[in-house]
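Whenever a hint applies, use it, and build me the whole structure from the sequences.
Residues per chain, in single letters:
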Amino acid sequence: MSGVILQMACVAGLLGLAVLAIFLSRAKGATAVIYSGTLVVSAIALIGSLRWLLGDTANAADLTLPIGLPWLGAHFRLDALASFFLVVVNLGGAAASLYGLGYGHHEQAPHRVLPFFSAFLAGMNLVVLADDAFSYLLCWEFMSLVSWALVMAHHREAGNAKAGYVYLVMASFGTLALLLAFGLLAGPAGDYGFAAIRAAQHTPYAAALVLILMLLGAGSKAGLVPLHVWLPLAHPAAPSHVSALMSGVMTKVAIYGFIRVVFDLLGPPTWPASVVVLFLGSITAVMGILYAMMEKDLKRLLAYSTIENIGVIFASLGLALAFQANGLKLAAALAFTAALFHVLNHSFFKSLLFFGAGAVLTATGERDMDKLGGLIHRMPFTSFAVLVGCVAISALPPFNGFVSEWLMFQAVLQSPDLPQWALKIMVPAAGAMLALAAALAAACFVKFFGVTFLSRPRSGAAETADEVDRYSLTAMFILATLCLLAGILPGPVIDALSPVTAEILGSAMPIQANEAWLSIVPIAESRSSYNGLLVMVFIAISASLAVFFIHRFASHALRRGPAWGCGFSDSVPAAQYSSASFAQPIRRVFGALAFHARDHVEMPAPGDIRPARLRIELHDLIWEGIYAPIVGAVAWSSEWLNRLQFLTIRQYLSLVFATLVTLLLVLAIWS
Amino acid sequence: MMSDILVQTVQMLLVLVLAPLLTGFVRKIKARLLRRQGASVFQPYRDLLRLLRKEVVLAENASWLFRVTPYVTFAAIWVAAALVPTFATGLLFNWTADLIAIVALLGSARFFLALAGMDVGTSFGGIGSSREVMIAALAEPAMLLIVFCMALIAGSTQLSTVANFMASSYVGLRVSLGMAVMALIMVALAENARIPVDNPATHLELTMVHEAMILEYSGRHLAMIEFGAFLKLLLYVSLIACVFLPWKIAVFGAGPLAYTVGAGAYIVKLMVAGFLLALFETATAKMRVFRVPQFLGAALMLGLLGTLLLFVSRSF
Numbered sequence: 001m002s003g004v005i006l007q008m009a010c011v012a013g014l015l016g017l018a019v020l021a022i023f024l025s026r027a028k029g030a031t032a033v034i035y036s037g038t039l040v041v042s043a044i045a046l047i048g049s050l051r052w053l054l055g056d057t058a059n060a061a062d063l064t065l066p067i068g069l070p071w072l073g074a075h076f077r078l079d080a081l082a083s084f085f086l087v088v089v090n091l092g093g094a095a096a097s098l099y100g101l102g103y104g105h106h107e108q109a110p111h112r113v114l115p116f117f118s119a120f121l122a123g124m125n126l127v128v129l130a131d132d133a134f135s136y137l138l139c140w141e142f143m144s145l146v147s148w149a150l151v152m153a154h155h156r157e158a159g160n161a162k163a164g165y166v167y168l169v170m171a172s173f174g175t176l177a178l179l180l181a182f183g184l185l186a187g188p189a190g191d192y193g194f195a196a197i198r199a200a201q202h203t204p205y206a207a208a209l210v211l212i213l214m215l216l217g218a219g220s221k222a223g224l225v226p227l228h229v230w231l232p233l234a235h236p237a238a239p240s241h242v243s244a245l246m247s248g249v250m251t252k253v254a255i256y257g258f259i260r261v262v263f264d265l266l267g268p269p270t271w272p273a274s275v276v277v278l279f280l281g282s283i284t285a286v287m288g289i290l291y292a293m294m295e296k297d298l299k300r301l302l303a304y305s306t307i308e309n310i311g312v313i314f315a316s317l318g319l320a321l322a323f324q325a326n327g328l329k330l331a332a333a334l335a336f337t338a339a340l341f342h343v344l345n346h347s348f349f350k351s352l353l354f355f356g357a358g359a360v361l362t363a364t365g366e367r368d369m370d371k372l373g374g375l376i377h378r379m380p381f382t383s384f385a386v387l388v389g390c391v392a393i394s395a396l397p398p399f400n401g402f403v404s405e406w407l408m409f410q411a412v413l414q415s416p417d418l419p420q421w422a423l424k425i426m427v428p429a430a431g432a433m434l435a436l437a438a439a440l441a442a443a444c445f446v447k448f449f450g451v452t453f454l455s456r457p458r459s460g461a462a463e464t465a466d467e468v469d470r471y472s473l474t475a476m477f478i479l480a481t482l483c484l485l486a487g488i489l490p491g492p493v494i495d496a497l498s499p500v501t502a503e504i505l506g507s508a509m510p511i512q513a514n515e516a517w518l519s520i521v522p523i524a525e526s527r528s529s530y531n532g533l534l535v536m537v538f539i540a541i542s543a544s545l546a547v548f549f550i551h552r553f554a555s556h557a558l559r560r561g562p563a564w565g566c567g568f569s570d571s572v573p574a575a576q577y578s579s580a581s582f583a584q585p586i587r588r589v590f591g592a593l594a595f596h597a598r599d600h601v602e603m604p605a606p607g608d609i610r611p612a613r614l615r616i617e618l619h620d621l622i623w624e625g626i627y628a629p630i631v632g633a634v635a636w637s638s639e640w641l642n643r644l645q646f647l648t649i650r651q652y653l654s655l656v657f658a659t660l661v662t663l664l665l666v667l668a669i670w671s
Numbered sequence: 672m673m674s675d676i677l678v679q680t681v682q683m684l685l686v687l688v689l690a691p692l693l694t695g696f697v698r699k700i701k702a703r704l705l706r707r708q709g710a711s712v713f714q715p716y717r718d719l720l721r722l723l724r725k726e727v728v729l730a731e732n733a734s735w736l737f738r739v740t741p742y743v744t745f746a747a748i749w750v751a752a753a754l755v756p757t758f759a760t761g762l763l764f765n766w767t768a769d770l771i772a773i774v775a776l777l778g779s780a781r782f783f784l785a786l787a788g789m790d791v792g793t794s795f796g797g798i799g800s801s802r803e804v805m806i807a808a809l810a811e812p813a814m815l816l817i818v819f820c821m822a823l824i825a826g827s828t829q830l831s832t833v834a835n836f837m838a839s840s841y842v843g844l845r846v847s848l849g850m851a852v853m854a855l856i857m858v859a860l861a862e863n864a865r866i867p868v869d870n871p872a873t874h875l876e877l878t879m880v881h882e883a884m885i886l887e888y889s890g891r892h893l894a895m896i897e898f899g900a901f902l903k904l905l906l907y908v909s910l911i912a913c914v915f916l917p918w919k920i921a922v923f924g925a926g927p928l929a930y931t932v933g934a935g936a937y938i939v940k941l942m943v944a945g946f947l948l949a950l951f952e953t954a955t956a957k958m959r960v961f962r963v964p965q966f967l968g969a970a971l972m973l974g975l976l977g978t979l980l981l982f983v984s985r986s987f
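In order, the protein sequences belong to chains C and H.
All residue numbers for the first sequence refer to my numbering, where the first residue is 1 and numbers rise by one.
All residue numbers for the second sequence refer to my numbering, where the first residue is 672 and numbers rise by one.
If you are wondering where the hints come from, they were derived from the structure by calculation, not from laboratory data.
Please read these numbers as outputs of a predicted model, since none were measured by experiment.
Where hints are given, some of them may not hold.
Unchecked claim - Reference listing, derived: stretches of chain C covered by chain H, where coverage requires no fewer than 3 residues with Cβ under 8 Å from a Cβ of chain H:
no.: 1; region: 386 to 394
no.: 2; region: 574 to 587
Claimed, not checked - If you want the ones that stay clear, here's a sample from chain C, every Cβ over 10 Å from chain H, calculated:
no.: 3; residue: S2
no.: 4; residue: R156
no.: 5; residue: T175
no.: 6; residue: G374
no.: 7; residue: E405
no.: 8; residue: V412
no.: 9; residue: V451
no.: 10; residue: S455
no.: 11; residue: T464
no.: 12; residue: L489
no.: 13; residue: P562
no.: 14; residue: L660
Ideal placement from N, C-alpha and C gives every residue a C-beta, glycine not left out.
Here you go:
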């Protein structure tokens, strides 16, 4: 069976499961049936796409279905790029289904989740497979709408209705931008097939417009600053395994759309495009993680950190554009591989972390970090898996996040070869921004893990939490293992990505399988190389040596005692460092600029017995600067237009007459 | 092959042996500059041995992470220190990690230490951790620009290659290198919690960053962490020495004589660096914690300027 037919059969299976779920969802055991169904189908689709990616991808397989536009039909095609993103989608889908097998039992309203869950998986698969603009947009809208339904699953909870509304508005805006982009791409001839678009010539003006529209369309779905506002609202509102899919996978589908259009359909890039993408990417990375640092809600923090990672991916893509535009093929392949590697990595650790947040939510019913703490004692397995995710997302060796970050920095180091001065100056600055984002990510995840899982419990719920079920744990441990494997064996992953880079850029990184000791060598060994496996082995050996000598020669005595309180022990758990106090130094250093942050201390006068209070003032400048004025303008104009409803018949008639005269005048002047 | 393994092993043991000595030397010089007698240069070894013999007092709610962290931190720093060329380039496992990876390894160590600071749930641990990650967030971009500047000159981030290149006669005197070395020294001071960023000798919890973070540690755990801190100081000195002062460093495949000379030169470099560090620390005062951003911002700007100057000088 050809690859694309297998994938389409899986999609049909998922859609069938969605229909089945509608009828079944109120029945007992529906959760188990549907999630095992999606698990099996996703696993088949995963194996199919993986085989396609690793095997023979030269002859693209396509499929045309007699639906969609009558003269066009619906085209679906499986190539290397699509198969890579299918791997990401279906791996995330399989993990989320496995997690859902356990987590889904706590769901209050399964009939609001189950049908949409498998339809959502089908939608994401379809977007990646689509091979003409019409099917692409249709599938994109299907994916958006179904995910909107999932965001609204718990619509009675405070804030979720607003989240759903903002998401719907931003999604429509994004689709509008995509619609215009594809309109421009198809040109006056109006051939919407991707093959025809790829073959056509695009004027520089049209290409620039398409790039901007794609940044708006795909960027709003992926979460590029300043189009990210819906993401921290909508992702946390959905059930946790769906949050994982939205953050870990759906944003990647948006990136797929960006790559497909800008790298594949639009023809050879120009260097100014790369400046825009690089700039937006690095700003997004830093702003996203600063927002995350200020957050105390577990899932919102993760959603903001997704924005950071999207920024990192876009910055790498911008680098790839810059190198490609200047014909530096090898460097372009390096930057592009870094971007794809980070796509894969982020889908691993972000899903893992959302699963962890879901487990905490199940165990305690709390998403607010300041009411958690000490969970490492109560939930040892969850906390271990989440710790792995935290280390990986903080880009620390020997885990996978570091490898993609390292590849990206290696690409940054290639920038002196670029001829344009703007890029020469910008790339090192962007590199510094990305290093800042990585360091802030480490700070953020020290806070995430430290406040939630370490320290003393800050509430009764955290004190009495219990470990979650085995399905959830299995899903988390599988992802944690993948984080480690991709970190210590990056060579095979890079080799698996080379067909994709070869297809899109016409060049690929050197094959890494030939390197000794499973090292990765992007350009030449004298320039740079990294070996995650040996780093891990060395750390393991040195740590074991240290442990051996300590246990052989040092004292074994150990006594438990109260913590050192410097003479005054703060026995109240609420007096511990909270998420806001942990963020204070960074808030003071960066927040004054990024959020106009101010700390107000209200100290009562001597003799007054009121407690002293610390109030933190934070402004979301992007919301206040861009969105609030737009919302205000819409409200004002609708208020004003509302007057039209209460006119007399004479006024209506004169209005009609005036309109007629104006239109006739316009016509007269026009012709 | 045998000699490769030998050199690598010698290097791994050498950094272990010399690290406490360097700290002891710095302390001795500082004491002498203040006209005090000062403890012997071997005092850090005695401190470590004493700590090893003492019992561990563990806070009641300390988790397994708190007990594992000293070993993980020590191992990560030791591996990093073993990969920076000290007396010879062309170490056996040099290609395992380049400078970016070495810096990231130190980042892993710091990540776990910061987590351990949060573990017990006292305010001192929290204040130390949160300030430590702030300093790291400021130091990391500066460090990347230094790496960038250096890689631009040497065409590599691989420390052996860089050291070989810097030891050759192609380099000459460059303004960019001067800026990079200044920036690197500033980053190194911040990373090692030295004056003016942090005070390693203070005993007032609220003024400390690194020491506040590890306040709950005792006994053998504290010994491992202290040893890690000694190693880190040595690592940064070796890094600065091998990149900017590769004088007499033994190149790959040289004879035993060259290795001996290299080792001698290395010890001389350590002494000079230790003396300068002590002199600098005696002459300056610790700055307020929220002045650190300006200090590290200067390092960042120096790195950026160095890089841009290179571009300018290259294009003409």
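Whether T175(C) stays farther than 10 Å from all C-beta atoms of chain H, as the label says: For T175(C), whose nearest Cβ neighbour in chain H is about 37 Å away, the distance exceeds 10 Å, so it holds.
Check of the region 574 to 587 of chain C against chain H for coverage (Cβ-Cβ below 8 Å, three residues minimum): holds (count 9)
Interface-negative label, R156(C) against chain H, beta-carbon threshold 10 Å: Consistent with the label, R156(C) stays out of reach of chain H, its closest Cβ about 35 Å off (over 10 Å).
8 Å C-beta test of the region 386 to 394 of chain C against chain H, three or more residues: holds (count 3)
Cβ separation check - G374(C) to all of chain H, threshold 10 Å: Non-interface label fails for G374(C): nearest chain H Cβ at 7 Å, not farther than 10 Å.
Claimed clearance of chain H by L489(C), with the beta carbon kept past 10 Å: holds (14 Å)
Interface-negative label, T464(C) against chain H, beta-carbon threshold 10 Å: Check passes; 15 Å lies beyond 10 Å.
Given as non-interface: P562(C), partner chain H, CB spacing beyond 10 Å: violated (6 Å)
Nearest-CB test (10 Å) between chain H and E405(C): About 8 Å separates E405(C) from the closest Cβ of chain H, which leaves it inside 10 Å; violated.
No chain H beta carbon within 10 Å of V451(C)'s: violated (7 Å)
Interface-negative label, L660(C) against chain H, beta-carbon threshold 10 Å: holds (64 Å)
Verdict on S2(C) as a residue remote from chain H, using beta-carbon distances over 10 Å: Correct as stated: the minimum Cβ-Cβ distance to chain H is 42 Å, above 10 Å.
In this structure, the hints that do not hold are numbers 6, 7, 8, 9, 10, 13, in rising order.
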